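A.B. asks: Using the sequences provided together with the hints, build the complete structure.
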Amino acid sequence: MDVQEPVSGLRPVRRRSPWDAPRVTLILLLASAVISLPALRGSGRSLDYLANLKRFVDRFWPPDFSILPSIAPALWETFQIAILATLASAALAVPIAAAASANISPRPLVLATRFFLSAVRSIPSLIWALLAVAVFGANALAGVVALIFYSLGYLGKFFSDSFESADPGVAEALRVSGADRLQAFQFGIWPHARPLVWSHALWMLEYNLRSAAIIGYVGAGGIGVWLHTYQEFYQWDKFATVLLIILIAVLLLDAAGSRVRRHLAPVNELPANGD
Amino acid sequence: MTDKMLPHLQADGLCVAREGRELLHGLRMEIPRGSFVAIVGPSGIGKSSLLACLAGLIPPASGEIAYRCRGNCTHSPEGFRCKLGVVFQHLRLNPNCTVETNVLCGLLGQRPSWKTLWGFRAGDRQKCRALLERFRLSGLAQEMVGSLSGGERQRVAISRALIAAPEVVLADEPVSQLDPRLAAEVLDSLKKDARDSGSTTICALHDPGLVERLADFTLTITGNSESGWTFKSQCRA
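Protein sequence lines, in the order shown, are assigned to chains A and B.
Residue numbers for the first sequence follow the numbering used here, beginning at 1 and rising by one.
Residue numbers for the second sequence follow the numbering used here, beginning at 1 and rising by one.
Source of the hints: derived by calculation from the structure; they are not laboratory data.
None of these values were measured; they are calculated from a predicted model.
Positions of the beta carbon are idealized from the N, C-alpha and C atoms, including for glycine.
Be aware that one or more of the hints could be misleading.
Which residues of chain B face chain A? A partial, calculated answer using Cβ under 10 Å [said to hold, decoys possible]:
| no. | residue |
| --- | --- |
| 1 | Cys82 |
| 2 | Val86 |
| 3 | Arg111 |
C.D. replies: Here you go:
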């Protein structure tokens, strides 16, 4: 029997186009920036910007730390709002993200869920807070509900990206052996996505702490209520203290989050030839 | 014709194409139950694609594949999934799971999802331990797969394919990263399974010595010539 050599399968080399996506995106961004420059025209009045800034900042100094005992419960409430909202939104975001992942769900469901997540993301946290205060009244519950919706849009998107970054071959291998969709997700996608999901949830917690400090402006509980009060009464030294406390809380949470995230990196894929 | 004589796997006029390129054309084969079939041929000729097609991962360009179960019914590759054990060339293990979990994943086709939602049963773990011992992996059960050597991963992939006692094992170069002695030992074990339990093993192999020693049938895929694709099916039983 003749044993022929296989067709070598040589293909013409494709040269990389100079108009690749990153380059085109950069050019479009620069062009957009040039077109946007007229927006910097200002008010038309002749103002001494630096003097204005100095006069305003001078009122912040020195901060008045005598208010610390009275704002401590509000700071704690801010933490509570952030933690509850992050946990609830992360739990809700997992199934929604699965529905938005092209490697898990059918295309119509993916498109519908992505549209929903985009719509939720497009509403700022302050507007969610206004809506929640209108429904639940001016309290911390409104803050939690507002941040759940706000976070859901982001976590849904981040989790969905994490699910889609999993090696599709692993889940496919399980499906070939008869695993159903849920099992392929549980054992093929989730182990890869789990560290990313935790990492994103931690990031969202940090972000929600900042947001929880702001939504109090419209009555949704937390330390923002004090920010609003001091601003209304022009007590900028006390306002500065609240800002400083928020800054310290966010920095501490950031540092803790970074330490945890360092231990959360997933193993992306196995080299085909092992060692 | 007795059940023993009816083909376990039958392919008729099978054409396999990948990315628009035809790799195999008009393959006819009948593989008896309990046989060890070696698929040989140069790299890139279509051995992996043929195995992927037999596993139902890529649809045939034309032709038919039929598996016959112990109940004597014929099934398409998709319908036969719970009875297939597949060892992929690139293994497709989950590096973020332990060796034990990866092997136990081979049982998913036989367990409904509500039973595996909180993990596997003690009996399954025991079965897994026995298999790991058989492939000299018993000390590594709780290691993450990402930390193993290539040879160890390959044996994990083989264990995953075998844990559900499949009727047909499709293995794409399953011993390419093992030393010759261990490779022979693993393939002997697959061959013994085929003989004892009547399972069929179809294996892409490169080592002519192993093919010569183990294969009951050899499917040699040769290159494209003016006269078309040629296959040599050689019975050694």
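A.B. asks: The structure should be examined with respect to each hint, and the outcome stated for every one.
C.D. replies: Hints versus structure:
no.: 1; hint: Cys82; verdict: holds, 4 Å
no.: 2; hint: Val86; verdict: holds, 5 Å
no.: 3; hint: Arg111; verdict: holds, 8 Å
Every hint, counting from the list given before, is met by this structure.
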